[in-house]
Every structure is written in structure tokens, then in C-alpha cells.
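Going down the list, the protein sequences come from chains A and B.
In terms of numbering that gives the first Met the number 0, the first sequence opens at residue 0 and continues consecutively.
In terms of numbering that gives the first Met the number 0, the second sequence opens at residue 0 and continues consecutively.
Note that these hints are calculated values from the structure, not bench results.
Some hints here could point you the wrong way.
Below are the DSS-like pairs computed for lysine-lysine, each with C-alpha atoms no more than 27 Å apart in a straight line [said to hold, decoys possible]:
hint : chain 1 : residue 1 : chain 2 : residue 2
1    : B       : K233      : B       : K218
2    : B       : K218      : B       : K206
3    : B       : K187      : A       : K79
4    : B       : K206      : B       : K50
5    : B       : K232      : B       : K218
6    : A       : K16       : A       : K54
7    : A       : K102      : B       : K233
8    : A       : K23       : A       : K79
9    : A       : K79       : B       : K233
10   : A       : K79       : A       : K102
11   : B       : K232      : A       : K79
12   : B       : K206      : B       : K222
13   : A       : K79       : A       : K54
14   : B       : K232      : A       : K102
15   : B       : K222      : B       : K233
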Amino acid sequence: MLSVVICTYNRAALLDKVLDSLCKQTLPAHDFEVVIINDGSVDSTEAVAAFYAAKLPLRYVYQRNAGLASAKNHGLFACKGDVVLFLDDDDIATETLLEEHVKTHTEFPAEHFAVLGYTALSPDINEDPLMHFVTEIGCFLFSYPSLKHGDALDYTYFWGGRSSCKRSLLLEFGVFNPVFRFGAEDIELGYRLSRLGLQVIYNKNAVSYTIRKIDFDAFCHRLERQGASSYVCSQLHPAPEIQQWAGTANSEQSWAMIGGHFDAIIRSARHLDSMVNLKLATGLDLDEETRSLLYRAYWAAFKACKIKGIMEKRKC
Amino acid sequence: MCSGPQRRSERRILVIGIYLADKENLASQITRELALSSNWDVEQQWFSLGKSQPDSNLAPFTVQVTDTFSPKFLLLNQLLGRIDLHEFEYVIVSDDDIQLPAGFVDRYLALVSCYDLALAQPARTHDSYIDHWFVEQLDGIDARRTRFVEIGPLFSLHRSAFDHFLPFDEASPMGWGNDFVWPVLAEKHGLRMGIVDAVPVAHNFRKPVAYYDHGASAKHMSKYLAERPHLSKKDAFFILESHVG
Numbered sequence: 000m001l002s003v004v005i006c007t008y009n010r011a012a013l014l015d016k017v018l019d020s021l022c023k024q025t026l027p028a029h030d031f032e033v034v035i036i037n038d039g040s041v042d043s044t045e046a047v048a049a050f051y052a053a054k055l056p057l058r059y060v061y062q063r064n065a066g067l068a069s070a071k072n073h074g075l076f077a078c079k080g081d082v083v084l085f086l087d088d089d090d091i092a093t094e095t096l097l098e099e100h101v102k103t104h105t106e107f108p109a110e111h112f113a114v115l116g117y118t119a120l121s122p123d124i125n126e127d128p129l130m131h132f133v134t135e136i137g138c139f140l141f142s143y144p145s146l147k148h149g150d151a152l153d154y155t156y157f158w159g160g161r162s163s164c165k166r167s168l169l170l171e172f173g174v175f176n177p178v179f180r181f182g183a184e185d186i187e188l189g190y191r192l193s194r195l196g197l198q199v200i201y202n203k204n205a206v207s208y209t210i211r212k213i214d215f216d217a218f219c220h221r222l223e224r225q226g227a228s229s230y231v232c233s234q235l236h237p238a239p240e241i242q243q244w245a246g247t248a249n250s251e252q253s254w255a256m257i258g259g260h261f262d263a264i265i266r267s268a269r270h271l272d273s274m275v276n277l278k279l280a281t282g283l284d285l286d287e288e289t290r291s292l293l294y295r296a297y298w299a300a301f302k303a304c305k306i307k308g309i310m311e312k313r314k315c
Numbered sequence: 000m001c002s003g004p005q006r007r008s009e010r011r012i013l014v015i016g017i018y019l020a021d022k023e024n025l026a027s028q029i030t031r032e033l034a035l036s037s038n039w040d041v042e043q044q045w046f047s048l049g050k051s052q053p054d055s056n057l058a059p060f061t062v063q064v065t066d067t068f069s070p071k072f073l074l075l076n077q078l079l080g081r082i083d084l085h086e087f088e089y090v091i092v093s094d095d096d097i098q099l100p101a102g103f104v105d106r107y108l109a110l111v112s113c114y115d116l117a118l119a120q121p122a123r124t125h126d127s128y129i130d131h132w133f134v135e136q137l138d139g140i141d142a143r144r145t146r147f148v149e150i151g152p153l154f155s156l157h158r159s160a161f162d163h164f165l166p167f168d169e170a171s172p173m174g175w176g177n178d179f180v181w182p183v184l185a186e187k188h189g190l191r192m193g194i195v196d197a198v199p200v201a202h203n204f205r206k207p208v209a210y211y212d213h214g215a216s217a218k219h220m221s222k223y224l225a226e227r228p229h230l231s232k233k234d235a236f237f238i239l240e241s242h243v244g
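All chains, full assembly: derive it from the sequences and hints.
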């Protein structure tokens, strides 16, 4: 059996779409279950879950808001499947998503094999310049362009929200570290599991679509939080590979260079982002020069935000 | 929703434990904290294992002394053999190397009572040595009904469980494997088991099994489990119900 664990916080409207997509799976309903961990939402998450309980093999569990890692552990212990897929609450499944995960686990039955699926942008946000940038160019959100179907990848690809693994592997050898409320909990666990041989098999046919458009300021905030989490991870694991992954090695020098200009970097990118969105909203095209300028501004802003997150956590 | 703290009445609990008299331990702090209960009349009976004499803090609670090593659950059975358990609502079994949070007994037993957990344990804090990840504190909940309660460092039995769990099975004198047999026993008798997350204990003073031969114990445990009904880890490490007050 496959367990789909969805941890959610105040995204009832999106959760509704995610659960709807799980009602249409090619994998028979008796071969999977859905476990929802409501991480302290104050919206209508419970009602949405109750609605789908009649349509899906679904278990709903509430906890006070405790962060993503705690919620994932809660889900791991509340599910019954041999394989557990951690699916984000803003990613809808294609009809064969669950079947494809099961297929790859059947092909790679050893405990140390995990599976990474492919997450694309849903058609309605596919043309958004920022979403395109963070998935295809800067790869701040996903980093699929370099991957090939069937690749055996290392722990840095044990991405939360789109990876599955054997439940027994986590029960026996490690769970998510609850210190991580957002970001880095997946890679930190993956790193610990890598000592036991974790390998992540990429299945490009296990497709989900992210349906939430993230705006510029929200993405900046996200990267600050990721920077903070990356710093915590780097403190837990002094290994050079983790320092490199976390981007903490040269953060002080980088911040010395950009810290004084941080507000200007963000303001400039925000203005450019607004202008481009206005242009697109009025039906105008985006010329290559503007696009290139915009991407450079995004790059500088998002790198700066991550470094800021690292530096602020370092000060704590 | 659980009600508030229970009033002290004629309700008594028994604490039994073993401390390693020749090793550094936290038994003095443990006994002191346990004695501070406002809601329960706490009787403590501890076994001193080692050559050193009990100090003044522990002497009032030390009812037996031996300097000959004997496995944990055999010693616990010796302690239990001296006591009329019917006087007690709960028995708490404690090791000597844990740090208890303030108000432990009242807070812990309030939740154990509220959720009707006949066999229970506090979760382990995040900075504890963890043998099974399943027992690490889950931050967003107060307690969970489970199919697993471990043999230490601290667990409790309600009087409804005494006849079925006590005396402890001496076929596993160190207790290895008991925690996978207990759920079968509990379910057979309709008893609920659980972990209390809101009142975790820190188990980081001494590394577990530091004084035992781990390989031999694993072998013994396998043999013990092979001879009786038990749960697999996959089935044991499962939350039946999560509780948030």
C-alpha cells in the first residue's frame, strides 16, 4: 500500500483541488490511503477533509501548529503504507502519479531506494515570469532541467512534496528533525539516510502540478526562511558537502558586499517585477532584453534573501 | 477535553525503580520530583544496585540493596512481590537516568487518566538518546494512542493492567522485546496504550545499553519474540489516535 501524506496549513482552497486530483487516480483506491495532517490551520481545512473522506480512503489528523518536520513525522506515524509519498498541499496529482511512484518502488524494492517525481507548473501559472524563473532558470524552487528519467540521484534530490520512500526506512533509521519548521528538513534527513545508502530514483512520469503562484515578496520571504533553515542544517552537519549545499561557506563575505545594498536590490527587482506583470496584464509581450534584465534582478534579489536568512540565523 | 488536575484523595500511586549506586545517576532528583505531586499520594520503593551505600536523599526510598548484578525486570519483580498492588491506582516504573519536567506526576497522570491509557510512557525529548524514533516527542499534540510503549526509561501501568502485565515476564529478564509483546497483550484485554507528548522526559544522561552487551541482547530478543505473539515495528510504530487538548 502507498500512503500519501499531505501536511497543510491554512490552504483549504488548494487542498480541495489536491484531494480532488487524488480521487481520479489510476491506482485502485484499495492500494492507497491519504493522510492529512492539519498543522494548526484556522481555515476550513477540516471541512474540506471531511468532504473528501466519503470519496477517498482518507485519514484526517489535527495538531497544533508545529511546523513541517513535526507534521511530516506525525503523518509518517499515522499512515500504514509500505511506501509513503509526501505530497505538498499546493500540488495536484496527475492521474498516474501514484501508480508511477508504486511502479518505480516495485522496480527498486530495496529499502534504500526513494523516488522523486516531476513537478511542473500548472498551465495557468506556466507563463508567469517569476514562476518560470524559479523553476527553469534560477532553479530556486525546483531544479529539474538537468535530470534524466531513471537517474539515480543523491540525497540533495530527496525533495519534500514530490518524493516517496519506504516507510520502514524512516521508522528504523531516522525521521524529520523537528527543529525545521520550514525548509531543509528533507535534505537534512536525506543526508542522514545517505550514510545508509539512500538513493533517489527520478521518475519523470510521476507528474504533479504546482498550482500556487508565488509573488515576488512571498518568494523573498520564502528564501529568507530557507536561508535560515540551511544555516541550521549546516550547524548540525559540519561536513563540507553540507556547507556547500547550504551556501553558508562564503555567506559572511557575500553579505559584507551586498548587505548595505539589500534594500535597493529588493526594491529594484520588485519594481521590475511589477512593471513586467503590468505589461503582461495589458497584453503586451515581454522583449528579450527586459526578460534578461528581470532574471538578473530576480537572481540578485533571491540570492540576497537567502544570504540574509543565513546571516540573521547566524546572529541568533 | 481533559478536566483539570484531580484532587488528592485516597488515590495512591506506586513508583518502583532501580538505581546504579556505583554509577553517576539522577535518582535523587527523580525521587524528589516524584514526591512533589499535589494530586497523588506517591509511594516510592527503589532498589539499590551496587556496593555504595544509599545517600541521605535516597535512603528513605531505598527498600532493597544488592551488590550482585541482576537483570532489571527480575529486580522489579522482587520489589513488586513485597507490595499489595490493590492499594494503588497506577504503578510507575522508572530508570535512574532521566530528567523529569517540573510537575511531572500531576501533568503526566492527568493526561494518562484523561485518555484512559492503561499502559503509557512520556515521550522522549528531542535531545534524548532515541532507540526508536517513534517515541520522540511530537510537538503539536498532547498525547497519542499507540501500539507501542517501550520498556524504559519510564512507563506507567493503570490498575486495570496489573493482572495482565504483572509480574513482568521473566523470560526476558532485561525486558528486551517486551514492548513488542505488550501491545498484543493489551489489545487482547481491551486496554489502551499511549505516549504522552506534552510531558516529555529527557534521557540523555547515560547512553542506553552502555553497560550491556548489545549484540547478545539483540539475539536474546529475537529468540524471545520468535516464541510469542508480537507486533512488527511496522505495525507497532503506528498512531491510532492523536490527542490535542
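Hint check:
1. Restraint check for K233(B) and K218(B): satisfied, since their Cα atoms lie roughly 20 Å apart, inside the 27 Å limit.
2. A threshold of 27 Å between alpha carbons decides the hint, and for K218(B) with K206(B) the separation of about 20 Å falls inside it, so the pair holds.
3. Distance check on the hinted pair: K187(B) and K79(A) sit about 21 Å apart at the alpha-carbon level, within 27 Å; holds.
4. Simply put, K206(B) and K50(B) have alpha-carbon atoms about 22 Å apart, close enough for the 27 Å limit, and the pair holds.
5. The straight-line distance between the Cα atoms of K232(B) and K218(B) is roughly 16 Å, inside the 27 Å bound, and the hint therefore holds.
6. Annotation: proposed proximity of K16(A) to K54(A) holds, straight-line Cα distance about 13 Å (limit 27 Å).
7. Proposed proximity of K102(A) and K233(B) is supported: the alpha carbons are some 22 Å apart, at most 27 Å.
8. For the hint pairing K23(A) with K79(A), the CA-to-CA distance comes to about 21 Å; that is within 27 Å, so the pair holds.
9. Pair hint K79(A) plus K233(B) holds up; C-alpha atoms about 8 Å apart against a cutoff of 27 Å.
10. With a CA separation close to 18 Å, the supplied pair K79(A) and K102(A) stays within the 27 Å bound.
11. In summary, the hint linking K232(B) to K79(A) is supported, as the alpha carbons are separated by about 12 Å, within the 27 Å threshold.
12. At roughly 25 Å between alpha-carbon atoms, K206(B) and K222(B) fall within 27 Å of each other, so this suggested pair holds.
13. For a cut-off of 27 Å, the pair hint linking K79(A) to K54(A) stands: about 19 Å separates their Cα positions.
14. A C-alpha spacing of about 25 Å is found between K232(B) and K102(A), which places the hinted pair at or below 27 Å, so the restraint holds.
15. As the CA atoms of K222(B) and K233(B) are separated by approximately 19 Å, the hinted pair is consistent with the 27 Å bound.
Hint compliance for this structure: every hint is met.
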